[in-house]
Amino acid sequence: MSDGIKSFLARVFLHGENPLATNFRENQLRPPGAVDEKRFMALCIRCNRCLEVCPYHSIKRAALGLTIGTPYVFPETKACYLCMACSRLCPTGALDTHLQNPEQTAMGKAKIDVTLCYSHLFLEHDVLPDNTGNRIGALCNTCYNVCPFPEKAITLKDNLFPVVLDGCVGCGICVERCPTRPRRAINVTPSGMGRVDEAGFYFRKARKHHESTVSGPMETPSGSLKGEKLIERKYNIQGTTDKPQFQYPYEPQNEIEGWE
Amino acid sequence: MTYRPYRRAVQAGVFALMFAVPILNLFEIYAVTGTFYAINIGGLGIADPVVILQAVFAAGTVGGPLLTAAIFPIFLALLFGRVWCGWMCPYHVIADGLSWARRTLRSRLFGTTEPEPLSIPRPFTANMTRYGFLAAGVIAAGAIGIPVLNYVSAPGIVSTEAMILVKERTVSIEIGFILLLIVLEITVLPRFWCRLFCPTGAFLAVFRGPFTLRVGTGARNPKSPCCSENHCSTACPMGLAPFREGQNLLCTNCGRCVDACTSKRLRFMGF
Numbered sequence: 030m031s032d033g034i035k036s037f038l039a040r041v042f043l044h045g046e047n048p049l050a051t052n053f054r055e056n057q058l059r060p061p062g063a064v065d066e067k068r069f070m071a072l073c074i075r076c077n078r079c080l081e082v083c084p085y086h087s088i089k090r091a092a093l094g095l096t097i098g099t100p101y102v103f104p105e106t107k108a109c110y111l112c113m114a115c116s117r118l119c120p121t122g123a124l125d126t127h128l129q130n131p132e133q134t135a136m137g138k139a140k141i142d143v144t145l146c147y148s149h150l151f152l153e154h155d156v157l158p159d160n161t162g163n164r165i166g167a168l169c170n171t172c173y174n175v176c177p178f179p180e181k182a183i184t185l186k187d188n189l190f191p192v193v194l195d196g197c198v199g200c201g202i203c204v205e206r207c208p209t210r211p212r213r214a215i216n217v218t219p220s221g222m223g224r225v226d227e228a229g230f231y232f233r234k235a236r237k238h239h240e241s242t243v244s245g246p247m248e249t250p251s252g253s254l255k256g257e258k259l260i261e262r263k264y265n266i267q268g269t270t271d272k273p274q275f276q277y278p279y280e281p282q283n284e285i286e287g288w289e
Numbered sequence: 019m020t021y022r023p024y025r026r027a028v029q030a031g032v033f034a035l036m037f038a039v040p041i042l043n044l045f046e047i048y049a050v051t052g053t054f055y056a057i058n059i060g061g062l063g064i065a066d067p068v069v070i071l072q073a074v075f076a077a078g079t080v081g082g083p084l085l086t087a088a089i090f091p092i093f094l095a096l097l098f099g100r101v102w103c104g105w106m107c108p109y110h111v112i113a114d115g116l117s118w119a120r121r122t123l124r125s126r127l128f129g130t131t132e133p134e135p136l137s138i139p140r141p142f143t144a145n146m147t148r149y150g151f152l153a154a155g156v157i158a159a160g161a162i163g164i165p166v167l168n169y170v171s172a173p174g175i176v177s178t179e180a181m182i183l184v185k186e187r188t189v190s191i192e193i194g195f196i197l198l199l200i201v202l203e204i205t206v207l208p209r210f211w212c213r214l215f216c217p218t219g220a221f222l223a224v225f226r227g228p229f230t231l232r233v234g235t236g237a238r239n240p241k242s243p244c245c246s247e248n249h250c251s252t253a254c255p256m257g258l259a260p261f262r263e264g265q266n267l268l269c270t271n272c273g274r275c276v277d278a279c280t281s282k283r284l285r286f287m288g289f
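Quick mapping for you: the protein sequence lines, in order, are chains A and B. Numbering-wise, my numbering puts 276 at position 247 of the first sequence, and it's gapless, one number per residue. Numbering-wise, my numbering puts 251 at position 233 of the second sequence, and it's gapless, one number per residue.
In isolation and in its complexed conformation, chain A is listed as follows:
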């Protein structure tokens, strides 16, 4: 018997870990105010009152598995707008009824994938391979603009590109609005996903899933500027004299007829 199976059996039978109760995925969050996942699964009676009162139709029922009928927020389709109507109404305490301050919720933490984020790619690597194979640049910062707690949950480093801070509650509005497709450049990891004590059997699955979603550092063509140097150079671009060395997906017009 391999060590993996042995340790799994030990965890189920000796430590009483439930292999079935928890199921974490990125961008799959419990409604605001949810207690930790194990206790949530025990307390949630699937009455779906949270789903009924959600004015934004953000809360969906889980469709399959042991979590069937329990509420989830899928921020890729519809994020949570933190009105806290659901947690006020929960009859069992699966959602903390006393928690009314949206800033104290902990649905998860947003995480920026720097290999996809337009702003990071543009500022740090000067490139963005879009789906046509062309290299274009763009400053986006949508996540900063839509965040309900700007400067607490997310900030603009050097006033240029977004960085998630500790105040992030994981509402997922940034995920809903992030323009990159098919994968979002910003994703929310539900709270408890990376913790062994809470994720139980699914910890390994969740960790594997989590690792697969985090990609390594971006490879840039040798010789080109990177990171701080690139940002510094971009600060010093003069609109009147310099012509930025971008690769456009079209032929840029240098002369316009009738213009001096």
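Think of the hints as simulated: they come from the structure by calculation, not from any bench. Just so you know, nobody snuck in bad clues.
Calculated Cβ distances over 12 Å to all of chain A for the following chain B residues:
1. S117
2. R120
3. S125
4. R126
5. E134
6. P139
7. F142
8. G150
9. I157
10. G234
11. D277
12. T280
13. S281
14. M287
15. G288
Looking from chain A toward chain B, a few residues come up when the C-beta cut is under 10 Å (computed):
16. A71
17. C73
18. N77
19. L93
20. I97
21. T121
22. A123
Heads up, simulated BS3-like pairs for lysine-lysine below, C-alpha to C-alpha not over 25 Å straight-line:
23. A:K89 x B:K185
24. A:K181 x A:K107
25. A:K89 x A:K107
26. B:K185 x A:K107
27. A:K258 x A:K186
28. A:K89 x A:K138
The beta-carbon is built from N, C-alpha and C at its ideal position, and this holds for glycine as well.
Mind docking chain B on chain A? Use the hints.
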């Protein structure tokens, strides 16, 4: 007094409530929210006692609002018996329709017009099965930390499906369970879910006292039938002999036997 029209009116009202709640919620009227797992009517929280029992076992402790939500259904059961099942439960309405369908099919296919004997299994066996199922479910809920009986709570699923149908114009996979029950009730054994398994009905039947509303004749020795026709036993959907088994845990106080009694001896008794 005939109870049937009143019972049908209450059943229709509850069935309509299932659809009315999500429709009102779509118009942002949240006076009534919830499904028949747990519902809140203008501040009065009501929850299925089995749901609460499981939550207590699964979570170890359970806080305020859920425990107070048990008060109303238990109070109702103590006063009126299992009227939730006989008069309100949406699955019971479906089961009523299914037993009518089964009766019609029997007479069309086999030409039998006499009512089907429902005494198999005997009430005692049926009760043992029911409480065994309830106990197994509650123990399983405590063991794996999930209220597992909610996966098979027929009234809860029916009302949830009604809510999803209104709110999201779709149904979830749980409706397969209801369809399975429908097929089995038509082909195998009518009302087998209510009689043999339903955990909600079983747990509600526990809450009863000497003052609880029940069916009886008032006779000193109710062992023998009070008339030769025995309309009450053939009318009983739970397969009881109401003249002596009005106290049985299976009785839902639906009043069919009282309506069927030609000698007017059967009546509701209690408090």
